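A.B. asks: Sequence:
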Amino acid sequence: MEADGGARGNPGPAGFGAVVRDAGSGEVLAERSESIGVATNNVAEYRGLIAGLEAAVELGAAEIDVRMDSKLVIEQMSGRWQIKNHGLRPLAAQAAGLVRKFDAVRYQWIPREQNRHADALANAAMDLAAGKPGVAAAGAAAGSDPSARARAQEVAAQGSTTRTSWEPRPASTATRLLLVRHGETERTAERRYSGRGDVPLSERGLAQARATAVRVAGLAPSVAAVVSSPLSRCTATAEIITGVLGGKPVAVEPDLIECDFGAWEGHTFAEVQARWPGEMNAWLASPSVAPPGGESFRAVTTRVRRALAALLAAYPGETVVVVSHVSPLKILLRDALAAGDAFLHRLYLEPAGLSIVDLWPDGGVAVRTVNDTAHLSTV
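The sequence shown begins at -14 in this note's numbering and counts up by one.
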């Protein structure tokens, strides 16, 4: 398995790439690449390692040779270097958990010239994170500059330069996201999968949206934008919020739409477990697995991170209300908390619940509130 990752800046728009090959023939068995919004080189490299290990696990590999041109990742995963940066420790722990699924894992540092496939995938992902999907080839060429890579490796060898989230920062430089789940619908109340079906808010959902609007206005009287999923249960919630905030138009972001649950749409968890037990177990076990005819959480993650990168670029240092669904909001919170994929099935977000995340230009993140529902006590 060959993997790479990087950022346009450190931190900056980041992405990773990973390739799994047959050891004998060199045939490519799997490719993984993803833009991950704003991150550091080191974070992106670890994400590439994790993605490659996940792909190898899915292929049923028993032994694996990990080849990367990141001296930091290879030495830390080999146990020869300490992991001094606290932000990298959860990623290393996630990788270590995957490593335990193999009979043998061998680590090898390789020159960048021998890692061109993964490097090209990573550069294309970085271009996407930077909002430049059409210049992936140019980005790959620029990313192959030896002096630029040498500087990145020097930073990696010294440990990440990103300051910790506990370190004091001026609040005015953070982009604050007020993450709002839409109000209740009939399917929400019945605990049915509700993905791309355009189900309207119920009367209770409208009341929840009004209560949330008052809460948002109290927390953030000055809001740069209200951004919403295109589905009506979100746009209706967002329009009620903008009404209280002074009539600011709602900006629709297609990438914030709910996961496509395919054949499971409209069914309860128990119904899905009874009719699709194998598919359900596979879906719960891996974010790469999609419901029949639907969308995987890995695919949702790609577009949600793309949406986040666009928001950070458009509204630096400002407050933005984001109205979306359970899956996109869980992914945003998972990434903000540097949590693993199990987080997606453990966090519960109430209808019209509010979460608050601050993101600084240097990569710092502070999660201030998760699923606050105090404003709904009288609804």
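Derived from the structure by calculation, the hints contain no laboratory data.
In this text, all values refer to a predicted model and were calculated from it rather than measured experimentally.
Some hints here could point you the wrong way.
To be verified - Computed list of lysine-lysine pairs in DSS-like fashion (alpha-carbon distance at most 27 Å, straight line):
#1 LYS56 / LYS86
#2 LYS56 / LYS69
#3 LYS69 / LYS86
Claimed, not checked - Pairwise CB distance ranges (calculated):
#4 ALA89 / THR354: 41 to 47 Å
#5 SER63 / GLN99: 15 to 21 Å
#6 GLU303 / HIS330: 16 to 22 Å
#7 PRO185 / LYS56: 23 to 29 Å
#8 ALA359 / PRO206: 45 to 51 Å
#9 THR354 / PRO75: 18 to 24 Å
#10 ALA259 / ALA236: 36 to 42 Å
No residue lacks a Cβ here, since even glycine has one placed at the ideal position from N, Cα and C.
A.B. asks: Against the structure, test the hints numbered earlier, and report the numbers of the ones violated in rising order.
C.D. replies: The structure breaks hints 6, 7 and 8; every other hint is satisfied.
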